[in-house]
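Those sequence lines, one after another, are chains A and B. The first sequence lines up with residues 1 to 64 when you count with my numbering. The second sequence lines up with residues 1001 to 1458 when you count with my numbering.
It is worth saying that the hints were derived from the structure and are not from the lab. There's no promise every hint is true.
Just some of the chain B residues that point at chain A, by a computed CB distance under 10 Å [what the hints assert, rightly or not]: (1) 1058; (2) 1060; (3) 1304; (4) 1325; (5) 1427.
Pairwise CB distance ranges, derived in the manner of DEER restraints [as the list claims (entries may be wrong)]: (6) 6/A x 1228/B: 51 to 59 Å; (7) 16/A x 1249/B: 29 to 37 Å; (8) 1376/B x 54/A: 17 to 25 Å; (9) 7/A x 1384/B: 47 to 55 Å.
The beta carbon of each residue, even a glycine, is placed where N, CA and C say it ideally should be.
Below, each chain spelled out in residue letters.
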Amino acid sequence: MDSSPSADDFLSAGLASYGMEADEIELAVLGAIHQLFWPPILELLEMDLGDVEPERDLDLSRAP
Amino acid sequence: MTEVLDLPLREQAAAIAAGDADPAELLDAALARIEARNPAINAVVETFPERSREMLAAAPDGPLRGVPVVIKDEWPLPWRAQRFGAADVPGARFAPGESGPFRALRDAGAVIVGVGNMHELGASSTGNLSVYEAARNPWDTTRCPGGSSSGPAAAAAARLVAGAVGADGLGSVRFPAAYCGLTGLKPTFGRAAMDGHHMAPVTRTIVAGPLCADAADCRLLGSVMFGESLAAGEAKGLRIGVVRDVVSEDVTPEVREACEGAIEQLRAETGGEVREVELPDLDAATLAAVLLISEEGLSGVSPQRLNRLDPALSPLGRATLKYRMLLPAAATVQAARVRTLMRRRLAGLFEQVDVVAWPTVPAPAPPLDSPVVELPSGHLSADQANVRGAALANLTGIPSISVPVGLSAEGLPLALQLQAAWGRDELLLDAAEALEQANGRRWVEALPPLAAAQPTEA
C-alpha cells in the first residue's frame, strides 16, 4: 500500500468520522504508520482462521 | 562502600544481612554514583533521598533488605505519580500511590533509590524519545539504550544499582537488556505483581520483569516480584529448538555468529540437543500482538480527548494514539484468533523442546539520532526489526529471557533470547545460568566503559 489517494482518504475520512483533528506533521506521521501497517492488516484479514475456535476463559498464564 | 555497590544484587543483600556492609552507606554510595554517572546516560529521572532513607529505616528483614534498586516510570510510588515517559497519557489517571511492584520491593526490604526513564508511552524498542529526554546506552552514549525500559536497563548496566524493575508489553524488558548487556526476564503473563499499573485491568500483554547483570540476580529480584521463590535447578539435557525464519536469519552476521555459538555452548553445557522446529506465521503473530496491545491502549480514550493532547507529546506519540482509534475491529478479532493459533502451536512445540532460541534483537544498539539497522534484507527501523523477535511471548503469555552472548566489533552487546512454556520461568533462569557457566561468565561480567571508569569516582 503506497501513500495513494485511497490511503489519504482512509485517514481523512477516519479522522473526520470521529471528529478528530490532526496537524500537518501528525498527518504525515499517520500516513507513514498507515503505509507500514495497512498492507499486513489486509493480509491478516485474509488469513483463513475459521478453524481456530477462540479459547474460552482465555488465561495467558497457562497453556491453552 | 563503592566496592559493595559493585557487587551483584545477591551479594549486596548477603553483605548487609551478614553485617559486613552498612545499608545507609550503601544508599549514600548509590546516590553519589547516580550523581556522578547519570548525567551521561539520563537513566534515572528522579531521586528522593529522604524517601529512600525512610524506606531503609522501615525496611523489614527481607531478602533485599537495604539494597538499592530502580523502578521504571510506569508505576506510581506513594510520593510520586508515574508519567509513562510522556507529557500526556490519555485514558490514564496518574496519582501517587502504592503498586504491586512497590509493595513487593518494600516488603522485601529493598530501597527504591530512583525512578528509571522510559520511552514515551512505552511505544518503542529504542528508548530514544521521552518526556525526560532520551536515556543513553552506557556502552556508547551515542547509542540507543533500548526501550521501553530504557532507564532501568541503563541504570543497571552503568552499575548505578545492581537491579531494576522494568515492564515488557512487546519486548520492553528484553530489548534494553540486549542493548545494554544485561539479563532481562519477561515473566509468564500474570506471574509478577502488576497492580497499580494504569493498564493492569485491561492488559493481557504487559508484565513486570527484572533487569540485572546475571540470571542469579534476576532470580532473586524475580522471586521478590513474583512473591514466590524461583528455585534454582539444573538445565540437564536441554532440548533447544531453533527456528529458521527471519527472527534467526535476517540478523547481522555477528549477531548470528554469537547466537549460534551460544546455542552450541548451551547444548554442550547441558548435555542437551538442538532441534530445528517449525513455527509458521510469526509475521502474523507479530502484527497480532501489536494490534492487541494497541487495542488495550485505547482503554478510556475518546476521540475528543485525542483532540486535547498536550502539545509536548511528540508528533509520533500523537499520531500513534490517533491511528489506534482507526484500527478496524475485524483486525483485532482476527488477531485474537492468531493468538489462539500460536498458543496451541507453542503448546505442541514445547512437548518437543524445552526452550526455543533466537537472537533477542537482530543488530546491536543503533544510534540515538538514527535508530535504523542494516540487515541482510536491507535497512529497517530498529522497531520494525526488533518486534519480530519479541512479540510472540507477549501475544501468547510464555516467559522469555534475554542473555548477553558477546560484543560486536564496535563494542556493543549482543544477546540471545530463550523462550519456554508457560510457568517455566525457572527453567529459563537455569538455562541462562548454564550458558553463563559455559562461557565463563564472560559476558555477564563485562562492564561498559562508563561502569569500568575510575572506581573512586562514585
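Consistency of the hints with the structure:
no. : hint                      : result
1   : 1058                      : violated, 32 Å
2   : 1060                      : violated, 28 Å
3   : 1304                      : holds, 7 Å
4   : 1325                      : holds, 6 Å
5   : 1427                      : violated, 14 Å
6   : 6/A x 1228/B: 51 to 59 Å  : holds, 53 Å
7   : 16/A x 1249/B: 29 to 37 Å : violated, 43 Å
8   : 1376/B x 54/A: 17 to 25 Å : violated, 37 Å
9   : 7/A x 1384/B: 47 to 55 Å  : violated, 18 Å
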